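Protein chains in written order, with the numbering used here: chain F, 27 to 508; chain Y, 27 to 508.
Simulated from the structure, these hints should not be mistaken for laboratory data.
Any given hint could be a false lead.
Chain copies aren't distinguished; within one or between two, either way the pair holds.
In silico lysine-lysine, BS3-like type, Cα no more than 27 Å apart, as pairs [stated by the list, open to error]:
id: 1; residue 1: Lys159; residue 2: Lys361
id: 2; residue 1: Lys147; residue 2: Lys159
id: 3; residue 1: Lys159; residue 2: Lys74
id: 4; residue 1: Lys130; residue 2: Lys175
id: 5; residue 1: Lys147; residue 2: Lys175
id: 6; residue 1: Lys74; residue 2: Lys343
id: 7; residue 1: Lys74; residue 2: Lys147
id: 8; residue 1: Lys175; residue 2: Lys71
id: 9; residue 1: Lys506; residue 2: Lys441
id: 10; residue 1: Lys35; residue 2: Lys361
id: 11; residue 1: Lys159; residue 2: Lys336
id: 12; residue 1: Lys111; residue 2: Lys130
id: 13; residue 1: Lys71; residue 2: Lys148
id: 14; residue 1: Lys74; residue 2: Lys212
id: 15; residue 1: Lys147; residue 2: Lys71
id: 16; residue 1: Lys343; residue 2: Lys159
id: 17; residue 1: Lys111; residue 2: Lys325
id: 18; residue 1: Lys147; residue 2: Lys60
id: 19; residue 1: Lys336; residue 2: Lys379
id: 20; residue 1: Lys148; residue 2: Lys60
id: 21; residue 1: Lys74; residue 2: Lys148
id: 22; residue 1: Lys60; residue 2: Lys410
id: 23; residue 1: Lys265; residue 2: Lys60
id: 24; residue 1: Lys71; residue 2: Lys496
id: 25; residue 1: Lys175; residue 2: Lys148
id: 26; residue 1: Lys361; residue 2: Lys148
id: 27; residue 1: Lys212; residue 2: Lys71
id: 28; residue 1: Lys147; residue 2: Lys204
Because the structure is a prediction, the values reported are computed rather than measured.
2 protein chains.
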Amino acid sequence: MEEKTSLDKFNNFSEWFRTVITDIDLIDTRYPIKGCYVWRPYGFKLRKYVLDIIRRLLDNTGHEEVLFPLLIPEDIFSLEREHIKGFEGEVYWVTHGGLRRLEKRLVLRPTSETAMYSMFKKWIHSHADLPIKVYQIVNIFRYETKATKPLIRVREITTFKEAHTVHTTAEEAEKQIKEAIEIYSKFFDELGIPYIISRRPDFDKFAGAVYSIAFDTLMPDGRTMQIGTVHNLGQNFAKAFEITYEDIDGKHQFAHQTCYGISERVIAAVVAIHGDNRGAIFLPTIAPIQVVIVPIIYKGEEEKVVEACKKVFDALKYDGIRVFLDERDISPGRKFYDWEFRGVPIRIEIGPKDVANNQVTIVRRDTMERTTCSLDEMKDVIKKLFTEIEENLRKRAWEEFRKRIFRVNSLREVKEIVQNRRGIALIPWCENDECGLKIREEVEGEVLGVVLSKGIADVTGNEVCPICKKQTKKLAAIAKTY
Amino acid sequence: MEEKTSLDKFNNFSEWFRTVITDIDLIDTRYPIKGCYVWRPYGFKLRKYVLDIIRRLLDNTGHEEVLFPLLIPEDIFSLEREHIKGFEGEVYWVTHGGLRRLEKRLVLRPTSETAMYSMFKKWIHSHADLPIKVYQIVNIFRYETKATKPLIRVREITTFKEAHTVHTTAEEAEKQIKEAIEIYSKFFDELGIPYIISRRPDFDKFAGAVYSIAFDTLMPDGRTMQIGTVHNLGQNFAKAFEITYEDIDGKHQFAHQTCYGISERVIAAVVAIHGDNRGAIFLPTIAPIQVVIVPIIYKGEEEKVVEACKKVFDALKYDGIRVFLDERDISPGRKFYDWEFRGVPIRIEIGPKDVANNQVTIVRRDTMERTTCSLDEMKDVIKKLFTEIEENLRKRAWEEFRKRIFRVNSLREVKEIVQNRRGIALIPWCENDECGLKIREEVEGEVLGVVLSKGIADVTGNEVCPICKKQTKKLAAIAKTY
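Kindly produce the complete structure, drawing on both the sequences and the hints.
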């Protein structure tokens, strides 16, 4: 590994991000198809621990995991009019099997509404079959024509968690939307990723949805990144796919549906938001390696030190901690540098003095603070540090995020913020599409939508839309986006 | 759920299998593409617990999990001559992205040698980079033109565990082959799936391999099913993909490679082999529900019984047991029937008498034996029963398997066995391709290959090949196959 003396997260984020995700072996970007990447072992572990969190949150709220086919026949894919309109320009088509042309073209799923809902129709007969709450974690495909960016804008999204629910009434579907928002809020909170929740403008909603709600975070370069979406599908797909149930009076009713998704962008966010100019910093909950042990060897005392390191290694491993003992034949300084770069949250150093005093030296990655503690206290100290690191990273990220949200009233200010101040601008908006499009044009930024997050900014009700001058109680969030 | 009075595993296996896997909600076979199926929640859980076992075995032997792209560019896919010859007739081709024709056609991976090895070339420089031992669990695609069969012959293999290793020497690769055989043996042993290991005839080896070793099990209809393969790739792919390393003398050498795979066929096997005419029987280790509690309600004593059931439920759940309390408003008999069909290994019945005596009634699914035990003993009894059920299912399966292996000397006998006796015939063979093909033709069965399993049949060394009459120490296994 070469020295990365030039890492500068805030002033050259693009380079920082590329270097970190590839050089710490999260992913390999050299695969011979544009926008397709390889998850290497270190990255795969990170991905697994992140997915463990969302799986737990979904399983605990009555969602069941399923797995649907990747291929979707063209006729099924085309059933919902808005959906096919939104996607037909950006899907991959399979046209041949072996040496033969297929009778019916097949789509590589860009999302699974149409694959799932043709089956939901068969699963649902009576109100007793509802609700259905399922999810899957799969690869999906988008034929991106824009520049691709690893983990952020890709052609094979390797990690798409999509949940799909079916309900008897609009009220039940609304309740589900609230539950989804709560689940995603908890998920991002556990990862220490700050976010703003907004209802997307109609011109930017999911193809086939009644409305879309999105979670956006802010990347170090000042662009927001959509990291989660929640869609109320109303009865649009139910009508296209004939998903009906018999109600208690024996009448056939169209069902109400929701869906919500997250992708590997959450991993891009977790790397980008918590890292610093030394490299990655992983929360202990998701760190592939939580503790690294570095022996500090002096001549003549090798044996004692190595023995002490092995004991500590065994003790931590026994406790279920993901620990690594670095016995490579390179200098301790070199090892410190490597593991800091790779984001390991806690380093333990053990030298002759530590052995003599029955102690270890502990360095935390987030603050680089150094302490010593006795072997007896070690496990408790580490567990406490895990919590402290997590809280510190979350706090730091939210502070940074809040600093970059600006409540303004003029489009001139909005433009200044999104162009030059790497921030999110909040401005009153009547929620009318026409005004939204005009704002977008004037400030050269995206209208994320009406802010739903609590506590981000106060609204008096006396605000006016900068375009039509109508009074409104709503604020639009505006930013440069990924 | 309708009564399945007609289930007859041995006399009508095809119907038994179809009914069980669909009606207990493992998978849904009604997806609108031939050979593509949906994993429903109950099936997904079974799949997960099976995969947990193979992941543990691989992780504990130094394999690391990775994830490679699904799409492979045509030129990369065509690099190894035998490989492309073997696969070009049965892969799906992606030709369009959005409304445009792609410049280069893309293959949906039918297996990942070519996707991985083009990257291994970049990962490997020196002998210090070796060995590489990675695996992934992914979906792969084969354009099957034969009749498809859920979990057994499909177009989207949803669950392909493929391991790939790279080594400095042929000896290291050979050692790896042995480790792979050991891992798969343990895996199938944990699942109680009996198997015969053989080296496939040259005419039936993996496209691009030096040789292929396979695990076959025997299905109730007398056909063998390949459930695992281990391939020594020698330097074939290393040469095609220019995978070289610098040895300790600074010379560049081609690497040696192996790969080994299993698929959802293992789940077909685990269902087919352990089930009976009441339905599925799951080993406790992989059962989606390990214990079901059925309240036996009599009027006037509902409350006490329900309360006792809930206590037992909480106690078992607290212990990490996958338990379900069936409170549906249908008769206990109906519930017994349902859960027996769905293969739940242990049923607990609690009625007023049980409540009065501070006991529960326990019925094990494999033998249908009924016992009672006190609440205090309950957890220990259940854990003991888990082990007993597992051992019994494994023993039963191996006994049945061994009964259907026949050591014979004439092709007439071989033909009789594979045609009429639902068995595997073992007959001496010189291991020559020509003789193998003649045997195949004469007996109308497949030559699985030279038997490598220990203890299946004795060989004196005086055996002769039935075709060329040459003396041999080897036995060929011959059977009808899936």
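Quick rundown of the hints versus the structure:
In the homo-oligomer, the alpha carbons of Lys159 and Lys361 lie at most 27 Å apart only across protomers (24 Å), although the nearest pairing inside one protomer, at 47 Å, exceeds that limit. For the homomeric pair Lys147 and Lys159, the shortest alpha-carbon distance inside one copy (14 Å) is at most 27 Å, but the shortest distance between copies (44 Å) is not. Taking the shortest alpha-carbon separations for Lys159 and Lys74, both the intra-copy value of 22 Å and the inter-copy value of 19 Å come in at or below 27 Å. Taking CA atoms no more than 27 Å apart as the test, Lys130 paired with Lys175 passes between copies only; the shortest distance there is 21 Å, against 33 Å inside one copy.
In this assembly of identical chains, the alpha carbons of Lys147 and Lys175 lie at most 27 Å apart only when taken from different copies (23 Å versus 37 Å within one copy). Taking identical chains as interchangeable, the C-alpha atoms of Lys74 and Lys343 lie at most 27 Å apart whether they share a chain (19 Å) or sit on different chains (25 Å). For the homomeric pair Lys74 and Lys147, the shortest alpha-carbon distance between copies (26 Å) is at most 27 Å, but the shortest distance inside one copy (32 Å) is not. With identical chains, the CA atoms of Lys175 and Lys71 are at most 27 Å apart within one copy only, with a shortest distance of 21 Å there and 34 Å across copies.
For the identical chains of this complex, Lys506 and Lys441 are intra-copy neighbours only, at 10 Å inside a copy versus 73 Å across copies, given an alpha-carbon limit of 27 Å. With identical chains, the CA atoms of Lys35 and Lys361 are at most 27 Å apart within one copy only, with a shortest distance of 22 Å there and 61 Å across copies. Taking CA atoms no more than 27 Å apart as the test, Lys159 paired with Lys336 passes between copies only; the shortest distance there is 25 Å, against 47 Å inside one copy. Taking the closest pair of Cα atoms, Lys111 and Lys130 come within 27 Å of each other both inside a single copy (19 Å) and across two copies (26 Å).
Proximity of Lys71 and Lys148 under a CA criterion of 27 Å is satisfied inter-copy only: 21 Å between copies versus 37 Å inside one chain copy. Within a single copy, Lys74 and Lys212 get their C-alpha atoms as close as 18 Å, and across copies as close as 25 Å, so both meet the 27 Å cut-off. For a Cα distance limit of 27 Å, the shortest separation of Lys147 from Lys71 across copies, 23 Å, qualifies, whereas the shortest one inside one copy, 37 Å, does not. In this assembly of identical chains, the alpha carbons of Lys343 and Lys159 lie at most 27 Å apart only when taken from different copies (22 Å versus 37 Å within one copy).
Within a single copy, Lys111 and Lys325 get their C-alpha atoms no closer than 71 Å, and across copies no closer than 59 Å, so neither meets the 27 Å cut-off. Taking identical chains as interchangeable, the C-alpha atoms of Lys147 and Lys60 lie at most 27 Å apart only when they sit on different chains, with a minimum of 18 Å there against 37 Å within one chain. In the homo-oligomer, the alpha carbons of Lys336 and Lys379 lie at most 27 Å apart inside one protomer (16 Å), although the nearest pairing across protomers, at 57 Å, exceeds that limit. Within a single copy, Lys148 and Lys60 get their C-alpha atoms only as close as 38 Å, which misses the 27 Å cut-off; across copies the closest is 17 Å, which meets it.
Within a single copy, Lys74 and Lys148 get their C-alpha atoms only as close as 33 Å, which misses the 27 Å cut-off; across copies the closest is 25 Å, which meets it. In this homomeric assembly, Lys60 and Lys410 never come within 27 Å of each other (Cα to Cα): the closest approach is 43 Å inside a single copy and 54 Å across copies. For the identical chains of this complex, Lys265 and Lys60 are inter-copy neighbours only, at 25 Å across copies versus 37 Å inside a copy, given an alpha-carbon limit of 27 Å. Proximity of Lys71 and Lys496 under a CA criterion of 27 Å is satisfied in neither setting, with 51 Å inside one chain copy and 54 Å between copies.
In this assembly of identical chains, the alpha carbons of Lys175 and Lys148 lie at most 27 Å apart only when taken from different copies (20 Å versus 39 Å within one copy). When the C-alpha separation of Lys361 and Lys148 is checked against a cutoff of 27 Å, the pair qualifies only between copies, where the shortest distance is 24 Å, while the shortest distance within a copy is 58 Å. Within a single copy, Lys212 and Lys71 get their C-alpha atoms as close as 21 Å, and across copies as close as 24 Å, so both meet the 27 Å cut-off. Taking CA atoms no more than 27 Å apart as the test, Lys147 paired with Lys204 passes inside one copy only; the shortest distance there is 25 Å, against 49 Å between copies.
Of the numbered hints given earlier, the model fails hints 17, 22, 24; all others are met.
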